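A.B. asks: Sequences listed follow chains A and E, in order.
Residue numbering for the first sequence follows this note's numbering, starting at 1 and increasing by one per position.
Residue numbering for the second sequence follows this note's numbering, starting at 1 and increasing by one per position.
In short, the hints are calculated from the structure, not lab data.
Predicted model only: the values in this text are computed from it and were never measured.
Misleading hints may appear alongside valid ones.
As a list, the in silico DSSO-like pairs of lysine-lysine whose alpha-carbon atoms are at most 27 angstroms apart [as the list claims (entries may be wrong)]:
hint: 1; chain 1: E; residue 1: Lys357; chain 2: E; residue 2: Lys231
hint: 2; chain 1: E; residue 1: Lys357; chain 2: A; residue 2: Lys369
hint: 3; chain 1: E; residue 1: Lys231; chain 2: E; residue 2: Lys353
hint: 4; chain 1: E; residue 1: Lys353; chain 2: A; residue 2: Lys369
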Amino acid sequence: MTLLRRFWQLAAIPIFSIALALLVGSVLIILSSLANGGQLNLLLPLIAYESLLEGATGLSFLDPTGGGGAALAFSIDPERAARALTSSVAAATPLILTGLAVGVGFKAGLFNIGGTGQVLVGGFCAALVGAAVADLPVPVAVTLAVGAGALGGAFYGFIPGALKAFTGAHEVVSTIMLNSLAAFAIVGLVNDVFKIQGPTFARTAEVGNAALPILFGRNGSLGTVIALVVVVLAYLLIYRTTLGFEIRTTGANPSAARYAGMSPRRLIILTMSLCGMFAGLAGSIEILNLGYYPAVFGTGIGFAGITVALLGRAHPAGIVLAALLLGGMRAGAPSMQINAAIPIEIIDVIQGLILLFLAAETVIRQLFKVRAERVTPGELGTATAGYGGGKL
Amino acid sequence: MDFLFDLPVLGFAFQFLAYLVNAVATTNLAPQTLQLATPIALGALCGLMNERSGIVNIGIEGMMLTSAFVGFMVAVLVHEAMPSTPSTFFGVTPALIVGVLAAVGAGMLVSTLHAWLCISVRADHIISGTVINIVALGLTGYLNRLIRPSGSAGTFDSFRPPDAITDLPIIGWLLNMFLSVGPISMSVIVLVIVMQVLLFRSRWGLRTRAVGEHPRAVDTVGIDVIRLRYKNVILGGIFAGLAGAWLTLEFNASFQNGMTANRGFIALAAVIFGRWTPIGAFGGGLLFMFSEALGIAIRSRPPPGELGVFLSGIQADFPSIYNNVFGALPYLLTMIVLAGVVGRSIAPAAVGKPYTKEGTT
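One chain only, chain A, in its complex shape:
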């Protein structure tokens, strides 16, 4: 019973946030039915969310009757469910890592919104090394390519870390600038240097044997295993090692950390590099699943990591759950677009709304009279307080 109560204390606000976001989303969907000369359809949100669920899990409880209506009819097709779940897990995999890239930063009082750039650089490094080792045996090729991606991402996290440690430049602005810079640099390099002849669009060479092996279903690759192993390692690092203790202390109270003989500079650089490495791994997995790096590679997984980290309370276990939820939404969105004619972009809106309600947690707490722990990590106060700069 106490365990259940503890779970509720931790999960109440995320659950209320998700519910409210879906509610507001459904209002938006109803209004959307008016677009392009359509008629007001109050059932549309139900149909949309049902197809979302069906696309994500294979579970269906509605049978469309035509004309925008539907009848209750529960059904589950095991084969389809397996396929849908595999896709959801595959979509959740990079989100676990980008969630860690933000969440671990929170622990040190750092706000890493450079996930996008770190994903791009990591993916690009993985693609280049992957193409270079394409003919080596699979285990060697995969290790080298994934390792290169992790290193590339770590380097791209190291830059804002070092800037903050030595000049006081706040990571929020510098990581955003680095996101733009990575996009510009990589597009130029792919178009002019690494483009191969043949395909109709500019892209790098195939990664061959460095492609991540498929382990389950149609698209469940080794990437999922990598992400899960990394999540466990991150947990051990943060909660079971001296370094993790130092990171958490720096986040909670930088002056206490300095007084205790820890070096905030060293910890900031180390943590940002670590965060970059997680995002770089996410990029490597995306690219090595795809098999090459396309010049135009837009990805929302970097920013989604912020929602994942906050929804998961910056805890590795919470991050996995949050990533599964958002991954499921991403996997189910196409089926929603087909069945309910709602643009896929509604997923980004719902994701933003979840974040909005998480930020307004005090209101939720008063509104629903729930006694729950704060979602926003207290350590983040360190990031906000340090916004004005100042040397360490």
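Put chain E on the given structure of chain A with help from the hints.
C.D. replies: Chain E only, in chain A's frame:
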């Protein structure tokens, strides 16, 4: 790498300088710089209104994007309802005017959300700003896909000053810079000066700065801290709204997803660069965006001489890198300047800290 030593570096430097002077005097490099710096300067004014009152606002990006979208959509609707030919005065149409007003309204509305989250809900300021950025990106992207606007309401025209003014010696180029632009860009210089005076020479400015430095002291003398912060954050939304209107009603005639392209964050860097003063932030905006204007100038009219040969050689061999380097310059410059300047630039002391009146919880 031997070829680097063969380059006539000093010669290049002189050629570049000559090109620069010539470009400023004879081309539209200067007005273009002011145009590109417009959203940065306006965003920075929004940031200043917030940070001077103790509120961190990293949501300027999202405010601009929302305003750009709302302004564009409303202008298109009005334009379809009552099409009119642009007047000779800045190409003004009723649609454009209503569009700008709608953009400003949208900016204030989103600012109200930020104010409510930061001040009343006492959410973390950085989280609140991030929420605004992510919701704005998602919602405008979704609505843009859903509505698929086909028309356009056109844009404001740039003013054409008489040649007699722009050909004046020494100050001609400066007048050209501030006159050969659209109405929103032209208003920036006025707004910057007005804000500078208000912030440092008015009762409101003194109170605002005090609220950002030491809210408790301001409270003790009977000024309502919460009210003043609300007011400033919401009024700051006007500037973000104007920046959004510039994007879709003055600089472009269409809306694209994520078209703010991190300008809201460059604006934040401009605030820091300008040490939290309107004129300084405006200078930062000009500095950052000069690099982009220069890139456009060089690409449209390469410098003469060996420098031009060298640059066109790179352009021929690496066209995409050549273009993207110029596109990336403002971001690179922003980061370098930020790293160099921030240690010596002190933010308002109470920035980012929620305020609770004594005796309430």
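A.B. asks: Assess, step by step, whether the Cα of lysine 353 of chain E is no farther than 27 angstroms from the Cα of lysine 369 of chain A, and give holds or violated.
C.D. replies: The hint holds at about 26 angstroms.
A.B. asks: Sort out whether lysine 353 of chain E lies within 27 angstroms of lysine 231 of chain E, counting only the CA atoms.
C.D. replies: holds, 17 angstroms
A.B. asks: Does lysine 357 of chain E pair with lysine 369 of chain A here, judged by a C-alpha cut-off of 27 angstroms?
C.D. replies: holds, 24 angstroms
A.B. asks: Lysine 357 of chain E and lysine 231 of chain E: Cα distance at most 27 angstroms?
C.D. replies: Answer holds: lysine 357 of chain E to lysine 231 of chain E is near 17 angstroms, not above 27 angstroms.
In terms of the numbered hints stated before, the structure departs from none.
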